[in-house]
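Participant: Starting from the known structure of chain A, fit chain B onto it as the hints suggest.
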Amino acid sequence: MSITALDGKRFAEMVIQGANHLGANAKMVDALNVFPVPDGDTGTNMNLSMTSGAKEVKNNVQEHIGKVGIALSKGLLMGARGNSGVILSQLFRGFSKAIETKAAISGKEFAQALETGVETAYKAVMKPVEGTILTVAKDSAKSGVQASQKSNDIIEIMEEVLKEAKASLKRTPDLLPVLKEVGVVDSGGQGLVFVYEGFLAELKGEQLPDSPQSYPSMDEMVNAEHHKSVQSHINTEDIVFGYCTEFMVKFEDAKLAKHPFDEQVYRNDLSKLGDSLLVIADDEVVKVHIHSEQPGDCLSYGQKYGSLINIKIENMRQQHTNIVGETHTPLVADKPQVPKEQQEYGIVTVSMGSGIAELFKSIGAHAVIEGGQTMNPSTEDIVKAVKEVNAKKVFILPNNKNIIMAAQQAADVSDEDIYVIPSKTVPQGLSALLAFNPAGDVTTNEASMTEAMQHVKTGQITFAVRDTQIDGLEIEKDDFMGIAEGKIVVKNKDRVKVAEDLMGKMLDDDSEILTIIYGEDVSEDEVNNLVAYVEEQFPDVEVELHDGKQPLYSFIFAIE
Amino acid sequence: MSIELKTKYGQIDISNEVIATIAGGAAIDCYGIVGMASKSQIKDGLTEILRRENFTRGVIVRQENEEVHIDMYIIVSYGTKISEVAHNVQSKVKYTLDKTVGLAVDSVNIYVQGVRVTNP
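Line order of the protein sequences matches chains A and B.
Counting in the numbering used here, the first sequence runs from -6 upward without gaps.
Counting in the numbering used here, the second sequence runs from 223 upward without gaps.
Next comes chain A alone, as it looks inside the complex (with noise of 0.2 Å):
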């Protein structure tokens, strides 16, 4: 069978053809997508432009080709979305542009448009980016013109202009560095390459199967996710899903007919497991590739449909640090300098800021794990410094809120004897910390702590990350804030006033003792001056310093 004349209705019905193909793997471009922001939509922003090209279409069938070309033409330029649908646009314009006024067109003057949508493509453009949509359509087309001067036949040429594309995209990551580092091929390309196959397959009066042949392969697709998620995680503590998780589930019969196996079920409920989840099915095997904390409930989940293969787990935690060249700093800061042998108390507590972790270890505690705020340690990292500490019965101070439930799952889930201290603030943990009594036992020493603690007075100084209302505040994004026990009561632009504020609603007749822990981004003419304000404003009051050096909040005040 050859096609010697291309007439309206037969490419209105490639076209659909074209867009239906490309919106069947718009998820599978979405994967790839690392240039020119990897923000995984290249799938989706070329599938809506293709598809309100191939809805201007539908509604214009008819026998002139111009006519439907002027269609696709202005449907695409209507939808474009992103880059590579721009570019889309750009190159159906152009095709467009050379068939107008013929009713049908000969397999020439198809390769021909071909290149003049190439042309008109790379005129709207200052620096062409070589390895991307553009170079896969200008490659393609060229091998098009070549065919097209042997054979008049469509098919043939159609033929050549997808195999010389799908050769072009596996060149790609060698024009451009990004894909080659991340170990991808262009995702617009790929886009380009689906249409194509749409286009042939109407021309061949073929249906495209369910699952096509050009799939992108899953590797690459894993490697396009790994590259995002490096992109978006920028520190190590930010990685949520640990575990990058592969593996493939061979179908057992028996084990479908209990549960029988829905694709998109089966990545719904996966995805509830993790994220950069990918799924690839056919009749034998699912293949699954997600970043999850918990990697055994995703096997267990592949498990209900058949055995599993090929299973690899990788901790990105750890490859992360390499990645970004961290030195690896155990999360339990320093060892205990206490000598191996048992003893009969430790303590572990959890702070930020190399001069609290100092302090809290010049007043007796045994370990001090880094963490607070935003950068929450496990249950595991407490587990792990408790068993560090070698003691026979020890008590944590998690010094934070968030803390205090990862502090009691570890005493629930250690073998040690583990008291927790549900200290909230840093300076809640140091006066729980300086009533601990190491000839006392256990039952005195966790009243006296506990006891401690309330009568400390903790207000912390930090900063607004975005605009809210709270407590009655109107704070906006980067102002200072006063927490006097929790509570935000002042906010200013300048944090020495917001630390005057603060101290002056919360000093009061009874406050003997103020220490200042400053934070790392304070300077010393701050303190400085805030120390003056003090002995001015409050005579009475004994001042004392220390440099936390801790991130995040720019002063902790204790008030005893």
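Be a bit skeptical, because a hint or two may be false.
[Said to hold, decoys possible] Partner residues are not named here, just some residues of chain B that face chain A (Cβ under 7 Å, in silico):
1. Y231
2. V256
3. G257
4. T302
5. V307
6. S313
7. T340
Calculated directly from the structure, the hints in this document are not laboratory data.
Given the structure is predicted, the values throughout are model-derived calculations rather than measurements.
Just so it is clear, CB atoms sit at the ideal spot from N, CA and C, and this is done for glycine as well.
Facilitator: Positioned in the frame of chain A, the structure of chain B alone reads:
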């Protein structure tokens, strides 16, 4: 004028020129842009495509209360969806600045100063 970033080891100053050059470079990577235009040429009613070495004249970096705003004067190609091209430029510029200098831009304002018509 320059943008200051503080790290625990000290301070990093990045001049507005540098920001403008990076933003300009990122913008012309975007599809649909055929050039940058100078801001001051609006007065004369003339919009001429800037040469590459003069990009910074089409990119204005402003700082207002610790916030960084970028105004870009661009020329687009006729026949493209201009709103989408402008949007692509915004996201590309924001992403590039964040990635290369760790600068979070508060806004990227696009002024389309001209459309270049080419016949296919």
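Participant: Does each hint hold? Answer for all of them.
Facilitator: Hint-by-hint comparison with the structure:
Interface restraint check: Y231(B) against chain A, minimum CB-CB distance 11 Å, threshold 7 Å, status violated. Below 7 Å, beta-carbon pairs count as interface contacts, and V256(B) has one with chain A at about 5 Å; its hint therefore holds. Interface restraint check for G257(B): the shortest CB-CB distance to chain A comes to about 6 Å, inside 7 Å, so the restraint holds. A cut of 7 Å between beta carbons decides the hint on T302(B): the least distance to chain A is about 5 Å, and the hint holds.
At its closest, the beta carbon of V307(B) sits 6 Å from a beta carbon of chain A; the interface hint therefore holds under the 7 Å criterion. With a least beta-carbon distance of about 5 Å to chain A, the hint placing S313(B) at the interface is held under the 7 Å criterion. Evaluation of the T340(B) hint against chain A yields a held restraint, the C-beta minimum of about 5 Å falling below 7 Å.
Consistency with the previously given hints fails for number 1 only.
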